[in-house]
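Chemist: One-letter residues, chain by chain:
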Amino acid sequence: MIAVYLLLFIPLAGMVVLSMWGDRPNAERFNIRCNIAALAASVWLAIDVLWNGPQLSAGKLLYIDSYNVYLIALTAFVGLTTSVFSGPYMNHEREIGRLTPRRLKLYHTMYQGFMLAMYLVLTTNNMGVMWVAMEGATLATVLLVSLYRTPESVEAAWKYFILCGVGIAQALFGTVLLYFAAEQKLGVGGDALLWTVLHDNAGQLEPAILGLAFVFLLVGYGTKIGLVPLHNWLPDAHSEGPTPMSAILSGLLLNDALYAVVRCKILVDGSLGNHLAGHLMMGFGLLSFLVASLFLHRQTDIKRLFSYSSIEHMGLMTYAFGVGSPWATFAALFHMTTHSLTKSAIFVTVGHAAQLAGTQRMDKIRGLILTQPSIGWGLAVGTVAIAGFPPFGVFASEFLVLVATMHDYPWLTPLLLLGVGLAFAGLFRHIQPMVYGDVPEGQKPIHANLWPVMLHLALVLWLGLAIPSFLGNWFSQATQLISGALPQ
Amino acid sequence: MSITDLDLYSQAILLLAGLIALTSFLMLGQSRLVRLVFIFAVQGCLLAGATAMAAGVLNYPHLYISAGLSLLLKGIVIPLLLHRLIHRMGLHREMDTIDHPARLMMGGTALVVFSYYVSLPIVQHSTLVTLNAIAVSLAVVLLGMLLMISRRQAVAHVVGFMSIENGLFFAAVVSTYGMPMVVELGVAFDVLVAAVVFGVFFFQIRASIDSLNVDRLSKLTEVER
Amino acid sequence: MDWILAILETLLFIGAAPLLAGWTKRVKCRLQNRKPPSLLQPYRDLLKLYRKQPILPHPASWIFRAAPYVVFAATVLTAAFVPLVAVNLPTAKIADVIVLVGFFALARTFLVLAGMDIGTAFGGMGSSREMTIASLAEPAMLMAVFTLAMSAHTTNLSQAMNYVLDTGLVLRPSFVFALGGLMLVAVAETGRIPVDNPATHLELTMIHEAMILEYSGRWLALIEWASQIKLMLYGVLIANIFFPWGIARDFSPESIGIGVGMIALKLALLAILLVLSETAFAKMRIFRVQEYLSFAYLLSVLGLLSHIILEAARVHH
Numbered sequence: 000m001i002a003v004y005l006l007l008f009i010p011l012a013g014m015v016v017l018s019m020w021g022d023r024p025n026a027e028r029f030n031i032r033c034n035i036a037a038l039a040a041s042v043w044l045a046i047d048v049l050w051n052g053p054q055l056s057a058g059k060l061l062y063i064d065s066y067n068v069y070l071i072a073l074t075a076f077v078g079l080t081t082s083v084f085s086g087p088y089m090n091h092e093r094e095i096g097r098l099t100p101r102r103l104k105l106y107h108t109m110y111q112g113f114m115l116a117m118y119l120v121l122t123t124n125n126m127g128v129m130w131v132a133m134e135g136a137t138l139a140t141v142l143l144v145s146l147y148r149t150p151e152s153v154e155a156a157w158k159y160f161i162l163c164g165v166g167i168a169q170a171l172f173g174t175v176l177l178y179f180a181a182e183q184k185l186g187v188g189g190d191a192l193l194w195t196v197l198h199d200n201a202g203q204l205e206p207a208i209l210g211l212a213f214v215f216l217l218v219g220y221g222t223k224i225g226l227v228p229l230h231n232w233l234p235d236a237h238s239e240g241p242t243p244m245s246a247i248l249s250g251l252l253l254n255d256a257l258y259a260v261v262r263c264k265i266l267v268d269g270s271l272g273n274h275l276a277g278h279l280m281m282g283f284g285l286l287s288f289l290v291a292s293l294f295l296h297r298q299t300d301i302k303r304l305f306s307y308s309s310i311e312h313m314g315l316m317t318y319a320f321g322v323g324s325p326w327a328t329f330a331a332l333f334h335m336t337t338h339s340l341t342k343s344a345i346f347v348t349v350g351h352a353a354q355l356a357g358t359q360r361m362d363k364i365r366g367l368i369l370t371q372p373s374i375g376w377g378l379a380v381g382t383v384a385i386a387g388f389p390p391f392g393v394f395a396s397e398f399l400v401l402v403a404t405m406h407d408y409p410w411l412t413p414l415l416l417l418g419v420g421l422a423f424a425g426l427f428r429h430i431q432p433m434v435y436g437d438v439p440e441g442q443k444p445i446h447a448n449l450w451p452v453m454l455h456l457a458l459v460l461w462l463g464l465a466i467p468s469f470l471g472n473w474f475s476q477a478t479q480l481i482s483g484a485l486p487q
Numbered sequence: 000m001s002i003t004d005l006d007l008y009s010q011a012i013l014l015l016a017g018l019i020a021l022t023s024f025l026m027l028g029q030s031r032l033v034r035l036v037f038i039f040a041v042q043g044c045l046l047a048g049a050t051a052m053a054a055g056v057l058n059y060p061h062l063y064i065s066a067g068l069s070l071l072l073k074g075i076v077i078p079l080l081l082h083r084l085i086h087r088m089g090l091h092r093e094m095d096t097i098d099h100p101a102r103l104m105m106g107g108t109a110l111v112v113f114s115y116y117v118s119l120p121i122v123q124h125s126t127l128v129t130l131n132a133i134a135v136s137l138a139v140v141l142l143g144m145l146l147m148i149s150r151r152q153a154v155a156h157v158v159g160f161m162s163i164e165n166g167l168f169f170a171a172v173v174s175t176y177g178m179p180m181v182v183e184l185g186v187a188f189d190v191l192v193a194a195v196v197f198g199v200f201f202f203q204i205r206a207s208i209d210s211l212n213v214d215r216l217s218k219l220t221e222v223e224r
Numbered sequence: 000m001d002w003i004l005a006i007l008e009t010l011l012f013i014g015a016a017p018l019l020a021g022w023t024k025r026v027k028c029r030l031q032n033r034k035p036p037s038l039l040q041p042y043r044d045l046l047k048l049y050r051k052q053p054i055l056p057h058p059a060s061w062i063f064r065a066a067p068y069v070v071f072a073a074t075v076l077t078a079a080f081v082p083l084v085a086v087n088l089p090t091a092k093i094a095d096v097i098v099l100v101g102f103f104a105l106a107r108t109f110l111v112l113a114g115m116d117i118g119t120a121f122g123g124m125g126s127s128r129e130m131t132i133a134s135l136a137e138p139a140m141l142m143a144v145f146t147l148a149m150s151a152h153t154t155n156l157s158q159a160m161n162y163v164l165d166t167g168l169v170l171r172p173s174f175v176f177a178l179g180g181l182m183l184v185a186v187a188e189t190g191r192i193p194v195d196n197p198a199t200h201l202e203l204t205m206i207h208e209a210m211i212l213e214y215s216g217r218w219l220a221l222i223e224w225a226s227q228i229k230l231m232l233y234g235v236l237i238a239n240i241f242f243p244w245g246i247a248r249d250f251s252p253e254s255i256g257i258g259v260g261m262i263a264l265k266l267a268l269l270a271i272l273l274v275l276s277e278t279a280f281a282k283m284r285i286f287r288v289q290e291y292l293s294f295a296y297l298l299s300v301l302g303l304l305s306h307i308i309l310e311a312a313r314v315h316h
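Residue numbers (numbering that gives the first Met the number 0), protein chains in the order written: chain A, 0 to 487; chain B, 0 to 224; chain C, 0 to 316.
Don't read these hints as lab results, they were simulated from the structure.
Idealized CB from N, CA, C, for every residue including glycine.
Honestly, I wouldn't trust all of these hints.
What the hints assert, rightly or not - Below, computed lysine-lysine pairings styled on DSS-like, alpha-carbon distance capped at 30 angstroms: (1) B:K218 x A:K363; (2) A:K158 x B:K218; (3) C:K282 x C:K34.
What the hints assert, rightly or not - For each label pair, taking beta carbons as the anchor points, the in silico distance ranges come out as: (4) B:V112 x C:T199: 36 to 46 angstroms; (5) B:G198 x A:W20: 17 to 27 angstroms; (6) B:V112 x A:G96: 48 to 58 angstroms; (7) B:Q123 x A:R428: 50 to 60 angstroms; (8) B:H91 x C:L46: 47 to 57 angstroms; (9) C:A281 x A:G96: 32 to 42 angstroms; (10) B:Y59 x C:S251: 48 to 58 angstroms; (11) A:L286 x B:Q123: 26 to 36 angstroms; (12) B:I97 x C:T199: 26 to 36 angstroms; (13) B:F202 x A:D407: 28 to 38 angstroms; (14) B:F202 x A:G96: 13 to 23 angstroms.
Whole structure, please, built from the sequences with the hints as guidance.
Modeler: In structure tokens form, the structure reads like this:
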């Protein structure tokens with residue numbers, strides 16, 4: 000009970016404090032402490048839920064079950080490690096004059112604002128509040144994308160704001176339809192938008208309306224996930240904003256948007272009793288997966304490259320949730336975790352690599368391993384992990400998706416394999432010369448904090464070798480909630 | 000049920016729905032920014048009027064709060080904010096060119112028909128005649144998108160964005176008589192913050208491309224630079 | 000008996016048309032702080048013109064001579080079946096609102112041909128402009144009419160008015176849009192500001208006046224009278240379709256008396272509205288007329304759509 004309030008209160012308080020003193024030299028340390036506290040609260044919450052089962056609090060407004068509690072812990076963890084990386088990174092940016100203290104204050108305030116919005120998306124039980132928090136996350140990050148005030152970054156931020164704003168408006172329309180369908184059966188009152196209430200009564204809700212509502216919800220939240228063809232904002236926002244923000248966008252925001260879609264899918268499946276929602280998700284997911292794999296090949300900017308890789312992986316997860324069998328769902332949950340950890344580690348390394356080379360253009364970044372081996376190895380290992388090589392966790396989760404597909408939709412397997420192969424080639428043709436090429440003249444090592452990278456990659460390696468029992472237990476419980484059965 | 004069986008207030012809600020759709024069309028055809036903002040304000044006021052009317056018909060006091068909020072935000076505060084920005088940036092004489100206005104209007108009409116078609120399954124499950132207006136609300140959302148697509152001025156994009164929000168609000172009013180208060184307040188807060196952020200953006204965009212013509216924001220492309 | 004009433008009503012219609020024109024001019028003068036002419040001035044003008052000898056331009060063919068009569072006859076016939084003070088008259092059953100549009104088109108065609116017949120530059124220019132406007136106004140008008148027809152399930156004017164009277168006051172979005180569309184069309188079709196200015200003979204802007212520049216004497220009188228009737232026709236259409244209250248539904252002297260009084264009041268008010276808008280707006284450039292008329296068309300289409308979307312009866316489930 001208290002843990003969940005703490006979880007929401009800590010970033011709120013952090014936001015208020017940082018909005019006043021966010022430009023002081025020790026602001027970054029305060030930012031880290033806030034995230035440590037939030038992580039502690041989330042672990043407390045996780046243990047609580049693991050022992051005592053799902054809990055409702057704050058007048059049914061907050062709901063924690065096995066599905067969101069692990070995402071909360073993941074969010075808190077990635078939020079913490081990214082903030083650890085952001086300290087020296089942002090200092091470097093300030094030293095080279097790309098940032099002023101005022102903008103640094105904005106950055107720190109919005110970092111906590113974004114974390115608050117993410118926790119609210121995950122913990123709320125009210126579908127309307129979920130929308131509000133999701134829009135809040137856009138508002139918190141949009142000014143961070145244009146933090147450097149270059150024409151490119153302003154353009155990227157404008158695109159991000161307009162596309163996501165318009166996209167997410169569709170989700171609100173879907174939410175209104177959901178509420179309408181519920182009110183028809185449950186009567187007028189505030190409870191009709193609560194997820195738990197909707198879930199309990201899903202069977203009675205009018206299928207035609209829920210089907211329509213899901214289309215709007217998928218398009219709306221799908222814009223945030225970065226599903227093709229609604230993905231245009233994503234590479235721009237990732238490449239032009241400060242790197243810590245790219246890490247939390249890829250590692251957290253996309254996940255949480257997918258979380259919202261899956262919550263909606265559970266309701267719609269309960270009402271429709273057919274596979275409409277799943278098929279829609281499979282279609283969008285597979286399209287994103289394949290298109291993004293192809294786009295990997297023609298990138299010139301290193302952060303754009305990895306943002307397309309994010310689209311690719313989000314597409315794969317959406318597809319797996321769409322398949323909907325227990326194994327596929329388990330794989331999707333697992334993939335969410337491994338992708339989050341790996342991708343945020345990669346963005347941290349990429350940030351350092353770009354600072355080292357003084358550019359984000361891949362044809363100018365060369366000889367990382369000779370200049371600073373830790374960054375070079377970090378990038379190489381991270382890329383190996385994200386491309387789905389054994390023994391890393393991404394391999395395990397992608398393999399599970401493949402197995403689930405072969406079981407239910409064998410004719411789709413070649414497409415998946417094709418996508419994986421394309422993505423692998425697309426990543427390595429760019430990464431190999433950057434890591435091993437000749438060192439340009441005058442390239443010097445920089446001050447870098449790489450332990451978040453090491454920690455993330457070690458975790459992903461561990462997950463690839465064996466899933467710890469408490470995590471497996473979580474995934475199984477969440478799988479049962481989403482797909483209605485345990486993976487056999 | 001048909002419109003002749005309704006009381007005058009419900010008829011008035013439907014009439015206001017029609018007028019709200021009309022304001023969307025007027026915005027689509029309006030090339031002067033100041034007038035565009037003015038029509039947007041009118042739409043906000045009509046929306047507040049429809050909400051207040053619904054509150055009266057159903058005796059839902061909390062809808063009066065929503066009506067007041069939307070009058071304040073969409074009828075007064077945001078239009079004033081935009082108006083002042085337009086004057087401060089010296090855009091009040093600027094004309095946004097509209098290519099093919101006739102085609103644009105035809106497209107708009109087609110969108111109205113499309114929304115009608117989409118909302119048919121919703122409407123069939125209720126005997127509530129005012130629910131007919133949900134097609135109009137969807138049309139307002141889509142027309143707002145069309146407005147954003149057809150314009151180059153950042154201000155016009157913001158007006159389109161906000162009128163999409165109007166359409167969503169209207170959908171909530173006619174289909175469910177408003178969302179729960181906590182959601183309503185949250186959405187209003189988001190809209191207000193969005194308006195402020197838009198204001199910040201105007202200055203950033205102008206500082207970077209020396210105009211508010213977002214067509215000139217074209218540095219980021221998929222092809223090699 | 001009914002037929003006698005119908006003929007009397009028609010005579011009243013064409014007899015009162017110059018009076019409406021006079022009233023309009025008077026109100027306008029008042030608004031512009033000028034000394035108004037007498038209400039009966041249009042009658043005197045018509046009489047004066049009628050007494051004068053018409054002059055036939057040298058290259059004129061039979062069309063030029065026939066046009067005034069055709070125009071006047073078509074307009075009077077239209078006036079005959081538009082209910083003025085009473086519904087259910089036998090003349091109203093003869094024709095519906097589509098015939099009305101057809102008669103207007105017939106009159107216009109002859110006027111346009113006559114304008115071109117003499118071969119002067121102004122005549123041709125006026126004719127071309129008139130046709131441009133008409134081709135845009137007519138669809139808008141028909142759309143507005145169809146909107147009404149969909150609610151009333153008839154295109155007959157008398158029955159439509161009966162329907163509106165029977166259902167009482169209903170705030171129909173479609174009627175509001177159709178009313179707006181019809182008013183805009185009426186302004187364009189009767190050649191008023193902002194589309195055309197009946198009081199000007201400035202060569203660059205005139206439309207209607209350019210076509211009839213070569214007419215004189217009784218021919219001109221007929222054409223002037225016809226256009227006064229046309230103005231009144233639009234006024235009566237708007238007044239009686241959208242606000243039919245007060246029109247006589249039986250033929251007792253009291254109700255006919257009320258009908259006459261009410262239509263006079265409604266027309267007087269509409270004339271004031273027209274004058275107010277003419278004073279508030281400036282005449283627009285001819286190239287902007289198409290924008291104006293496409294707005295009228297848009298209103299009519301929205302009327303049609305809002306009838307289907309907002310007002311449709313729904314089956315219970």
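Chemist: Hints first: check each against the structure and report whether it holds.
Modeler: Hints and how they fare:
no.	hint	in the structure
1	B:K218 x A:K363	holds, 20 angstroms
2	A:K158 x B:K218	holds, 12 angstroms
3	C:K282 x C:K34	holds, 23 angstroms
4	B:V112 x C:T199: 36 to 46 angstroms	holds, 42 angstroms
5	B:G198 x A:W20: 17 to 27 angstroms	holds, 25 angstroms
6	B:V112 x A:G96: 48 to 58 angstroms	holds, 56 angstroms
7	B:Q123 x A:R428: 50 to 60 angstroms	holds, 55 angstroms
8	B:H91 x C:L46: 47 to 57 angstroms	holds, 54 angstroms
9	C:A281 x A:G96: 32 to 42 angstroms	violated, 57 angstroms
10	B:Y59 x C:S251: 48 to 58 angstroms	holds, 49 angstroms
11	A:L286 x B:Q123: 26 to 36 angstroms	holds, 32 angstroms
12	B:I97 x C:T199: 26 to 36 angstroms	holds, 31 angstroms
13	B:F202 x A:D407: 28 to 38 angstroms	violated, 53 angstroms
14	B:F202 x A:G96: 13 to 23 angstroms	holds, 21 angstroms
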